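Engineer: Each position in the sequence shown, counted from 1, maps to that position plus 1315 in my numbering.
Treat the hints as calculated values from the structure; they're not laboratory data. No experiment lies behind these values; they were computed from the predicted model shown. The C-beta atom is built at its ideal place from N, Cα and C for all residues, glycine as well. Zero decoy hints are in this set.
Calculated cross-link-like contacts (lysine to any residue; reagent style SDA-like; alpha-carbon spacing at most 20 Å): (1) Lys1848 / Asp1834; (2) Lys1522 / Glu1606; (3) Lys1452 / Leu1418; (4) Lys1452 / Val1492; (5) Lys1699 / Thr1726.
Cβ-Cβ distance ranges computed for the label pairs, FRET-style: (6) Asp1503 / Glu1581: 30 to 36 Å; (7) Glu1560 / Ala1628: 20 to 26 Å; (8) Ala1494 / Gln1591: 40 to 46 Å; (9) Thr1579 / Glu1525: 21 to 27 Å; (10) Gly1392 / Asn1469: 16 to 22 Å; (11) Ala1494 / Gly1575: 20 to 26 Å; (12) Asp1561 / Arg1729: 39 to 45 Å; (13) Asp1561 / Ile1735: 41 to 47 Å; (14) Ala1457 / Thr1323: 31 to 37 Å; (15) Arg1343 / Gly1570: 38 to 44 Å; (16) Gly1668 / Gly1575: 50 to 56 Å.
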Amino acid sequence: MKRARAETALRESEERQAFLLRLNDAMRPLPNAGAIAATACRLLAERLDGSRVQYSVVEGGPGEEVGHALGEHVRRGVGMPPRYPFAAFGEGVVSVMRAGRTLVIRDVDTDARIAPSERGAYRSVDCLSAITVSPVKSGRIAAALTVQHDKPRNWTDGEIITVEAVAERTWAAVERVRAEAALRESEDQLRAFGEASSDVLWIRDAKTLEWVYLSPAFESIYGLSREEALSGDTWRNWLDLVEPEDREHARAEIGRARAGERVTFEYRVRRPVDGQVRALRNTDFPIRDAEGQVARIGGVGHDATRERAVQRALEYSERRLRTLVEGIPQLVWRAVDHGHWTWASPQWTEFTGQPEVESHGWGWLEPLHPDDQDAARAAWEHSKATGLFDAEYRVREEATGEFRWFHTRATPVRDQHEAIVEWLGTSTDVQDLREMQERQGVLVAELQHRTKNLMAVVRGVMVRTRQQSENLASFVATLDDRLRALARVQGLLSRLKDNGRVTFDELIRTELSAVGAIDAEGRGERVTLDGRKGIRLPSSPLQTFALAIHELATNAVKYGALGQPDGHLTVRWRLRHEGEEPRLHVTWIETGVAMPDPDAAPQGGGFGRELIERALPYQLGAETTYVLAPDGVRCTIVLPVSSTMERDDA
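Using the sequences plus the hints, can you model the full thing?
Structural biologist: Now the structure itself:
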């Protein structure tokens, strides 16, 4: 009996092995997973006389499994749905499959794992007994091979082993053709990508560094056909194209990729076809085999020649712009969001002493005068409506600690949609300009005042000259002489800068030179000048004072010390402080003059004496005396001068 059972078991094993070999032979040439699954189902159904055999792939995790029929063979009854949820066949059955154990159902109606309410699902497809083998991968059911029978069946161990063996082989064959299909698809995609890419794509053998793939873009970039590049020692051929200065660097970077790193590097190649030098940027990366070893090296080579040229041009342009920005006297800056600075030029840092990074945001307000900070913010608010920033405010100079006025303007930089990207601005020092404008205002006011006074003086001179002239010829001559005196003092005033003043020594020398009493050096045989230089006279009534000096000099020439052989003129002046106001003391002394008889008619018209005794006290607040001494005129004039003058010692 034992011998018979052993012989039966041996015979079944041999038949099973023969069947599995036939199955392998039948599946090996099949091109796709569906054909493999259908063939396995057909042969197994014939082998076990099953009513239906189905191979399904399973999607979804535990509790959500759904079977998709990949292949099926029906000998009797109806087929399974092409898509079905596992939950319909009962949790007790599915839990066995999730555990990776073979599910054997000999009678649906008596199997305790199937609830009465679940048996209808089996009967709907004429399944009363079944064997199901479910490979479990990564913790979930990956596939299911089911042999079903339309009657209860006491499956033998040999039948169960056969179904398990077929499931294993079918899974392996299906996965193999799927992997091959995926590889072909990947290779096709890589080839299509390589054909279309303007970058060079390549694959190297990690051991030999020989190319095994090279995309068409190689020819246009390197100037060498792929056939030539892939012939002979391809590694050496490639290195020979690399510029000598870059070869060691390129070799080292590919060595890093060979060791398992992803690298990006740049180098230059010289094209054999025309000698042009091209700059390339490579990204090389390791490709590992199933054991995790680097088997190949993939690479992408990008022609960066134009980019490098553009980059160099941009860098050159930026250097020129930076040189220009840093060379101009203005303070230059950039801002966003209507007032938030993002950069300040070195001029700003040098002038304010504020570190560049601290000027960012609203930090640039810190060096501004406190009274001007709100106005600066308000100007930025105004720029939102006008699209232009224009303001004047004071900025503290670090070197002096003083605040100087700056005129600041900024214009927006806009993108293609006219949206403001940033603001570029300059701040120009206008302190000197403002001071000059202020001085100009003062000078204009002074000019208007002087002109008014001059016209009054001219009118007065004309009236008095007319009154004292005997005839028209005398009037013209005397008026011309006096107008010349006024012209001389105006000449002195016109040479002054800003708020300067005519000095007394200039005035006296000018008038005495005009009548020929002294030379250009201030020397005269009958003239003594005694006084310090630089005593500044008030400008407003200067014409009257100058006209009085002119009349003294003219009378001295006509009737006094400068017109008689023995006469001598001494002009002495001193600066003295009387109370809080400095005053100029002028003494005019004529000696050696043969004076007329006291009862004789007065000489001259008396205009000079009238100026001295009446006009100067009235217009200048002067104190004056005018005496006809026995040997000549004695005259004193005391008038206020600039408060900044220092007192004379004498």
